[in-house]
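Single-letter residue listing:
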Amino acid sequence: MKTFKLGGIHPAENKMAASQPIEEFPLPKQGIIPVSQHLGAPAKLLVKRGDQVKTGQLIGETAGFISANIHSPYTGKVKKIDNVLDASGYKRQAVIIDVADEEEWEEDIDHSEDIIREITANPDEIVNKMKANGIVGLGGATFPSHVKLMVPEGKKIEYLIINGVECEPYLTNDHRLMLEKTEEMLIGIKILMKGLGVDKAIIGIENNKMDAVEHIRSMLKDFKGISVEPLKVKYPQGGEKQLIKALVNREVPGGKLPLDVGCVVNNVATAYSVYEAVQKNKPLIDRIITVTGKNLQKTANLKVRFGTQLSELVDHVGGLPEDTGKIVSGGPMTGKALPSLDVPATKGTAGILVMTQKEAKFADPRNCIRCAKCTEVCPQGLEPYLLHQFGELERPEDAEANGIMDCIECGSCNYICPSNRPLLEYVRVGKAKTSEMIRNRKQK
Amino acid sequence: MKNQLIISSSPHVRGNWTIEKAMYGVVMAMIPAMLVSFYMFGLGALRVMLISIVACMAVEYVIQKYVIKGPVTITDGSAIVTGILLAFNVPTSIPSWMLIAGAIVAIGMGKMSFGGLGKNPFNPALVGRVFMLISFPAAMTTWPKPIVSREFFSFAGLDAKTLDTVTGPTPLGILNEQGANAVTPDYVNQLLGSMSGSMGEISALALILGGIYLIARKIITWHVPVSYLLSSFVFAGILWLVDPSQYADPLFHMVTGGLMLGVFYMATDYVSSPMSKKGMLIFGVGAGVLTILIRVFTPYPEGVSFAILLMNGFTPLINTYTKPKRFGEKQPVN
Amino acid sequence: MSQIILSAVISLSAIGGAAAVILYFVAQKFKVIEDPRIDQIEEILPAANCGGCGYAGCRAFAEALVKTGDLENLYCPVGGNELNKEIAPILGVEVTEKEPEVAVIRCNGTKTNAPKKVEYEGPQSCAFAHSLFAGESGCPNGCLGLNDCVESCDFDAMYMDEETGLPVVIEDNCVACGACIEACPRDIIELRPKGKKNKRVFVSCINIEKGAVSKKHCSVSCIGCGQCVTACPFDAISLENNLAYIDPEKCKLCRLCVPICPTGAIVEANFPEMTDKLVEKAKENYSKQKEKKKGAGKDKAQPKKAAADKKATASQEKSSKETSSSSSPDAKKDEAGNDSEQSSKLKNNDNSAAGNPENK
Chain A
1 MKTFKLGGIH
11 PAENKMAASQ
21 PIEEFPLPKQ
31 GIIPVSQHLG
41 APAKLLVKRG
51 DQVKTGQLIG
61 ETAGFISANI
71 HSPYTGKVKK
81 IDNVLDASGY
91 KRQAVIIDVA
101 DEEEWEEDID
111 HSEDIIREIT
121 ANPDEIVNKM
131 KANGIVGLGG
141 ATFPSHVKLM
151 VPEGKKIEYL
161 IINGVECEPY
171 LTNDHRLMLE
181 KTEEMLIGIK
191 ILMKGLGVDK
201 AIIGIENNKM
211 DAVEHIRSML
221 KDFKGISVEP
231 LKVKYPQGGE
241 KQLIKALVNR
251 EVPGGKLPLD
261 VGCVVNNVAT
271 AYSVYEAVQK
281 NKPLIDRIIT
291 VTGKNLQKTA
301 NLKVRFGTQL
311 SELVDHVGGL
321 PEDTGKIVSG
331 GPMTGKALPS
341 LDVPATKGTA
351 GILVMTQKEA
361 KFADPRNCIR
371 CAKCTEVCPQ
381 GLEPYLLHQF
391 GELERPEDAE
401 ANGIMDCIEC
411 GSCNYICPSN
421 RPLLEYVRVG
431 KAKTSEMIRN
441 RKQK
Chain B
445 MKNQLIISSS
455 PHVRGNWTIE
465 KAMYGVVMAM
475 IPAMLVSFYM
485 FGLGALRVML
495 ISIVACMAVE
505 YVIQKYVIKG
515 PVTITDGSAI
525 VTGILLAFNV
535 PTSIPSWMLI
545 AGAIVAIGMG
555 KMSFGGLGKN
565 PFNPALVGRV
575 FMLISFPAAM
585 TTWPKPIVSR
595 EFFSFAGLDA
605 KTLDTVTGPT
615 PLGILNEQGA
625 NAVTPDYVNQ
635 LLGSMSGSMG
645 EISALALILG
655 GIYLIARKII
665 TWHVPVSYLL
675 SSFVFAGILW
685 LVDPSQYADP
695 LFHMVTGGLM
705 LGVFYMATDY
715 VSSPMSKKGM
725 LIFGVGAGVL
735 TILIRVFTPY
745 PEGVSFAILL
755 MNGFTPLINT
765 YTKPKRFGEK
775 QPVN
Chain C
779 MSQIILSAVI
789 SLSAIGGAAA
799 VILYFVAQKF
809 KVIEDPRIDQ
819 IEEILPAANC
829 GGCGYAGCRA
839 FAEALVKTGD
849 LENLYCPVGG
859 NELNKEIAPI
869 LGVEVTEKEP
879 EVAVIRCNGT
889 KTNAPKKVEY
899 EGPQSCAFAH
909 SLFAGESGCP
919 NGCLGLNDCV
929 ESCDFDAMYM
939 DEETGLPVVI
949 EDNCVACGAC
959 IEACPRDIIE
969 LRPKGKKNKR
979 VFVSCINIEK
989 GAVSKKHCSV
999 SCIGCGQCVT
1009 ACPFDAISLE
1019 NNLAYIDPEK
1029 CKLCRLCVPI
1039 CPTGAIVEAN
1049 FPEMTDKLVE
1059 KAKENYSKQK
1069 EKKKGAGKDK
1079 AQPKKAAADK
1089 KATASQEKSS
1099 KETSSSSSPD
1109 AKKDEAGNDS
1119 EQSSKLKNND
1129 NSAAGNPENK
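Protein chains in written order, with this note's numbering: chain A, 1 to 444; chain B, 445 to 778; chain C, 779 to 1138.
What the hints contain is simulated information worked out from the structure, not anything from laboratory work.
The structure presented is a predicted model; accordingly, all values stated were derived computationally and were not measured.
For each residue, glycine too, the CB sits at the ideal point set by N, CA and C.
A portion of the hints provided could be inaccurate.
[As the list claims (entries may be wrong)] Residues from chain A that face chain C, not an exhaustive set, calculated with beta carbons under 7 angstroms:
| no. | residue |
| --- | --- |
| 1 | P339 |
| 2 | P422 |
| 3 | E425 |
All chains should be built: construct the whole structure from the sequences, respecting the hints.
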C-alpha cells in the first residue's frame, strides 16, 4: 500500500465520531458572520445595519485576487456590524444577523436534495461559479478554490488529486461526507476535472476508512477517469506535498506549488461544495463539523451554517464537561486553541475538539538530548532541533539556509520530542522573522 | 466550568516518547550483559555495578542541587546509564575509591560542566573511563579472570600457565604484546564471555542481544552500529589479508575487547553522536577505522574508547556538513 | 659547544631581523589611514554597543560622527548630554543639549486589574504569544508579560514584577536606547522625556477598543471618554481611536487630569501623594474648563465627549446629559456606524475644532 516515504508519525486516531451520521443542525437565533473566513484579503462588506438579507445573498465581496465572497447563511435582518472574537484569537469585523423564523432563499439557488448529474457548464463558467459562490478549500487552509483552477500559461496539469486522507486524529467530517454524499462529491470531482481539463483524478484515502474506499469504488463505474487509492495511515499524509508524493511519487520542491509538478489538490468537502456551487448555484454557507472529545457525552458530525456559535454545537452534544482544559478548532495536530466558545463557525472550522484538563497539560520542556527523533519524523527532511535554535537565537539567515521556509508546520517534531520541547513554536517564531527578512530583501 | 482554558499553539497532542523511556530502555538492553558479568565475576561485579550507579547519581544530585541550584533530574535515567556504562568499562577488581573518582569525573566533568544532559560533547562514561585509564593504569589493566569453574569449554586463547592465577591478560592484550600467533581463536567462548576483560565487555552475545532490542524498540537506529561493525571488520580484514601472521583475523577483533559494548551502547549515545543518518554512517565508519588503528598500531591494546571519544569530537563538524535529504530536492517534472 | 650556541644565536637573530624588515615594509604598504578622531571618540564612548544610537556599535557610531560631524542628529542615549560635551570639542562643533528620555510602560493591566481569562502555555515569548491570540486577559493591546522587553534590555534597567506581571523600568538605569520598544510586539513602551525632577504624567493604556469593550478586559483601561481632554488647561491631551494621549511637550505636569479619569488610566510618576485638596481642585478645574470649552467651541467640542460618554460609562455626572441631547444626531451616527475608525475621525475633527479657538 502506498504512503509517503520521508518521516511521519502515528498519533492515536481517536476517531470516535466515525459512526455518527451527518445531522442537519437547526438554525440559530442569531448568526455572526465574519468577513474574513478565508486565506487572503477580508471580503468587502455590501450590507449595513438594518438591511434585510435572504439566505444565500452576497454580503461580502472579494477584495483582491486571493479573497473570497461571503454569503448570508440566513434570512433575517442585519442587527449590527461589529468586531467579534473569531478563531484567530482576535476581534475582527463580522455581520451579526437576527435570524427570521421563515427562511427565504435567494431566487436562483436550488436548495433541493435532487442530484443533477449532467455537467453543462464550460470551464470558464465553472471558475466563475466557484468564485461567485465563495468556494474555498475546506481542508483547513481555506485557500480560495477558483484560484487553483486558473492554471498559468505553460503549466500542464496531469492529475487532479482529491484529498480524502483526513490524517488528523479525532476528525471524521470528511469520512462521513465520503460515505453519505458520495455521488455529489464524485460529480464535483468531475466538474473540477472539466474545469482543469484533466482526465485523471485520484482520491487518496487512508486505510482506516476502508468502508469509504469500498463505497466510492462501487460507484466509480459511472465516473470515468476517477480512481481511489487506499493509503497506509501516517500523519501528515493529508499535507498537499506528502499526498502528491504518496499518490503519484512526485516531490514538490521547496517554494513551489503542486501545479509545478502537474498536480492540483482539492479536499473531498471542497469537491462537494463545488458540486453545489456549479450544479445548483448554491453558495458556500454551511459545512460539516465534527464535534468530538473524550469527555463529551456524545460525539457528532453536524452540518452547520456558518455563523452559528460553537457553544451551541457543544451544547447539542451535552455541553462542556467540568474538566475541560482546552478547546481546539480543527484537529489536534494543526488546529487552533480557542479562548472561548463564543466564536462563530466559519469556512475553516473542520471540527471542535474538547480536551480534558489532563490531555491539555503538557510536561515542562527539558533539555534537548539530541536524539534526532525530530529529524527522523520530519516529513520535509528538515532538522527541527536546529531550526528551533535559530528561531530562539534570532538567526534568520541560518534558518533560511536550513530550509525553515519549507516547514509545513505539521507538528510531527513536537509530537515526538521526548523532552517536550516547543520545537514548532520556535520554528514559527523563526519563520516569521525569516519571511520578514526575505520581504525586506525583495524590497531592496 | 472551574478551570481556565489553555491557549497554546498546535499541535495539541504529544506522543508518549520520553527521555525516561529511552534511558530505561537502554538500561533494559544492558541487563543481559550485566547478568553475564555477575555470573562470570561474581560478587565483585555486583559491587562495582552498585558503586558506579550510586556514585554517578549522587554526583549528579549534588551538582544539580548545590552547585547549579536547579531542578534535580537524576530520575531521568541518564545518570544510571552512565553509571552502568562506567562499570562495564572497568575491571571488577578496581578499588572502590578509584571508581568513585571516575564517576565524579564522568558526571562532573564529562556532563554537568557542559550544562547537563544534552549539552555534553563527549560520552560521559567514556570520559570517566579514559580518566581512570590514564590516572590508574595499573588498576585499570589488571583484569581478573572469570571464575575458573565457570569456564564453559576451555580457556583457549590464554596461556595455560596463568589458569590458576587470579588475574590474566585480555586476548587483545596478548595480541598487542605477542602478535597474532599468540592468540588462537575460540569464538564460542569469547562470544559467551568466558575471557578476561572489563566487566561488561566480555560477552559479545549478550551485548548483541541488547543491541537488537534497542534497534527493535527504535531507541537507536541501525546506522551507527552497522557502519561501525562493518568498517572495523573490513579494515581488520584487509590487514589480516595482507599478513595473517602479524594481524589477527577480523572475527577475532569483533568478539574481543569492548567493541560490541562501544558499538551498541556508547557510539550510539544520543547526545554525542551525529543527528543525521548520513552523519551517523560517517561517524560509525570513522570510529571503526580508528578502533582498529589504535588496536593494531599503538601500544594500547584496546581502542574503542579513544576512537569513540575522537569521533565525538568530530560530531559538530559532521553535523554541519551532513544535512538530511530534504523533501523536494529532486527536479520537478515540468 | 660554544660554537653551537653561537651559531644558533646568530642564525636566529638573522631570521628575526629579516622578518622585522619584511613586517615593517608590509605594514607600511598595507597601512589603513583612518581619521584619528574616530579612535578618540570611540575611546570616550560608553562601549556598550547597544545600538541605541541606530548604529551597529560604538565604533560605527564614532565613524558616523566623524564622517558627518553632526552632533545634533546623532545622539548616544547612554552617554547623554555629558558625552556630547566631550565629543563636541573633538569634532569642533557646538554642543547641543537633548532632553533625556526614559522608557515608560503604557499598560497597567496587572494581574488584578486585568484578570486572566484563559491560560497561555508555550514559549515565553511575547512575539509568539502575540501571533497566537489576544492575551490572557483578552485585551488585544495589553502587555503579555512574557519578558521580551526585559530580555532586550542591555542595561539592567528592566525587570518583571512577579506580583503584577508587568515589566518595570528602573529609571536610573534606563538610557532610552529603545531596544525594548523594538522588542515589544504591541508597541506598549514609549520613550518619554524624563520631565522636571523625573516627574511624568501619562496615559497607561493603549487599548483602542470602545470603552465598554475594553472595560471588560481591564479595569484601568482608557475608555476614551474624553474627560481628561476637557480637563486639561493646556490642550496637551488628544483623543484618537478611543484612546487619550498626553503630549509630553505640552504637558505642564499640573496633575489636574489624574483624579478626573474615571478608570484611573492616567498614571503619574515621582509625584508626592495625591491630596484631597488637589482632587478638589481638579474637579473644580474640570467644571471650569468644561464651561470654557463649551463656550469657546460652541457645540463643536461637545459631541465627541457626549458620544464617548454615552458609550463608555453610564455613571458620568449629568454634565454630559445636557449636551448629549444637543449632539444626538452625531452620537447616533457614531453608534450606527459602529465603526471605530469613523467615530475616531469624528472625534479628531472635533478635537482640532475645539482646540483652535482657544489657541487664538
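Now the hints, each set against the structure:
For P339 (chain A), the shortest C-beta to C-beta distance to chain C is roughly 5 angstroms, which falls under 7 angstroms, so the interface hint holds. Hint status for P422 (chain A) relative to chain C: holds, with the closest Cβ pair at about 5 angstroms, below 7 angstroms. Checking E425 (chain A) against chain C: minimum C-beta separation of about 5 angstroms stays under 7 angstroms; hint holds.
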